[in-house]
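Participant: Take the given structure of chain H and dock chain L to it, following the hints.
Order-wise, the sequence lines are chains H and L. Sequential numbering from 1 applies to the first sequence in my numbering. Sequential numbering from 1001 applies to the second sequence in my numbering.
Treat the hints as calculated values from the structure; they're not laboratory data. Careful: at least some of the hints might be erroneous.
What the hints assert, rightly or not - Covered stretches of chain L, as calculated for chain H (at least 3 residues, CB under 8 Å):
1. 1019-1028
2. 1037-1050
3. 1056-1065
4. 1122-1131
Here a beta-carbon is modelled for each residue, glycine too, at the ideal position from N, C-alpha and C.
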Amino acid sequence: MTDSKDDLKRRIADLPVPEPRPEARGKARDAVMTEFRRLGREERIKGMARVARPTGKTPEGRPVMRKLAYATAGLAFCGIAAAIVIPNFLNFRLKATSSGSRSNLDNIRSTEVTTSSAPLADFEAAVPTAPPPRMAKKAKSPASKQRMRYSNEPGPPPLPQEYVGRDRFEKITPNPVKVTAEEPVSTFSVDVDTASYAFVRRALNAGHLPQKNAVRIEEMINYFDYDYPLPSDRSAPFRPTVTIFPTPWNRGTKLLHVGIKGLDITRAERPRANLVFLLDVSGSMNATDKLPLLKNSFRMLVETLDPEDTVAIVVYAGAAGTILEPTKASERGRILAALERLRAGGSTAGGAGIRRAYALAEENFDPEGVNRVILATDGDFNVGIRNPEELKNFVERKRKSGVYLSVLGFGQGNLNDELMQKLAQNGNGNAAYIDTLSEARKVLVDEAGGTLFTIAKDVKIQVEFNPADLA
Amino acid sequence: MFWMTDLSDVELVDRARSGDAEALGHLFERHYTMVFRLAWRWCGVHDDAEDIAQETFVKLVRKLKTFRRRSSFKTWLYRIAVNTARDYGRRHGARRSREEEYDEDQSGHNPGSGPVDGTASSRLREALDSLPVAQREAVLLVFSEGMSHREASLVLGCGEVTVSWRIFRARARLKTFLERGT
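Isolated chain H (complex conformation) (with noise of 0.2 Å):
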């Protein structure tokens, strides 16, 4: 019987085949969506010019400028959402903003009708070259489980859209009105970082739309440089800069611009660093876009050391090794001998790769210098430790040894921008996204001095509003 030409046949359809993993399935889906995203933006840059950059200032024409803070104007939209409200502002809001171009807005932020989102509405929607929506929210296809919008008719084909993939941003809720009356006082930390800014060009440069919580608007004005003038001396080292303008979009209201600068630390002056690199070289960064940029950044960092300083450096990947033990940066070739040895390969052990990368900072700790951990990272920590919680508990205890985290996001595609934000909070660092080598040079060296050598750190801001003259 079992010889039979059908039996045979039956049997061997019938053997049992196992289903896929379902985080197979998603990563597999990942890699086929980041594939299809770096093909299009091949051809992209193959049929058209280059892209004009918002930030196309050489890197040589530009002063090299030590600021502590660009949360300035950031801490001005927060001002104005929190605080500046005219009477009759409220009327005169909502009508502007029933009429004004909120289905645009959809695709950037999502926008409750709220008394705060209202002004900041306008200034997204100004985005360059977002896409208006193809289609009307309801005809949204309750099947489609995606983001993407899509159209009956024939017409031109579909706009590339972003996948959005396993890049994670927390989500943003606007700050509510507040009325002076009630809180004359609003307190702001200010913060230095600049990571969704690159990341939202580069979306846009690429010609979708990035995820509406990747959008930190006020990450958009940090990144610019204001010019502020500069603190007189060393016994006031802030200066602050406070303009108020009417709202362009808004003649109801006006805005207030607080600008903060810091002291600027001259080469001479700046303590020594102890700075550990702990880089992913995880399969995931094998990309042009990753390890090799993160190579010339690096390499780009450690030229502008003084040969005082020291490097080390930790890789992490299946297992975490340390590839550097610290040395000087007058051993310079000793460390970009050890950069250029790096490859990708593996999965992600983050966990365990920040410890020895903190140990090591610990051990060659310098109370005053600045102690640094540097990690540079596409996302995720997915082996190690697994809780982020944990993980962030771990640098926030670091922190209080004086050892501080700056986190700096590669790639596309498997960004974990928010725990990046948390971790670099928790370690009283800053979080930057690297996508070019010129944003490399902007982070690591034009801006040393407002992220890697800081002369202040858990900088808050207290405005009083005076409630007789703001409502």
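Facilitator: Chain L in isolation, oriented as in the chain H frame:
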């Protein structure tokens, strides 16, 4: 109302070619399981099958431009999958023990796949493994995937007669293997 799920594979390919990520997503969702199963049948190792399936789709993205509308999408996808699996096997050399891996599958990933006569099916699998690569491919497509010899010949890029011959040889071999064993 427009549903992307109503589009044929070829229409989805067209859309994906003009930059529509969602169309590509649909193609992926529609065929991933099928490709995974093919890969698993080929190598019998869960991790490897997942790798092969992923690689197959990445290759598909790269080859989107070369797809000819007159050929069948399925045939095309199968061809990519079979080639990927073959290359993978070549690269990764010896396969891990099928039984071991399968037991793991039964207890772990896939508890609900129904009762299986462990000995008989693992014996059959062993027999399939013992086939030369070309015969195994033919058996996989014709027996497991239920293709005609003609369809299989298109996937494998050989003549229909060659497929029939391979199937014939494979049958004889399997029969001998199974009889000798029991």
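Participant: The structure should be examined with respect to each hint, and the outcome stated for every one.
Facilitator: Verification of the supplied hints:
1. 1019-1028: Holds, because 8 residues of the stretch 1019-1028 of chain L bring their Cβ atoms closer than 8 Å to Cβ atoms of chain H.
2. 1037-1050: holds (count 6)
3. 1056-1065: It holds: at least three residues are needed, and the stretch 1056-1065 of chain L offers 5 whose Cβ sits within less than 8 Å of chain H.
4. 1122-1131: Satisfied; 3 residues make the cut.
No hint from the list above goes unmet by this structure.
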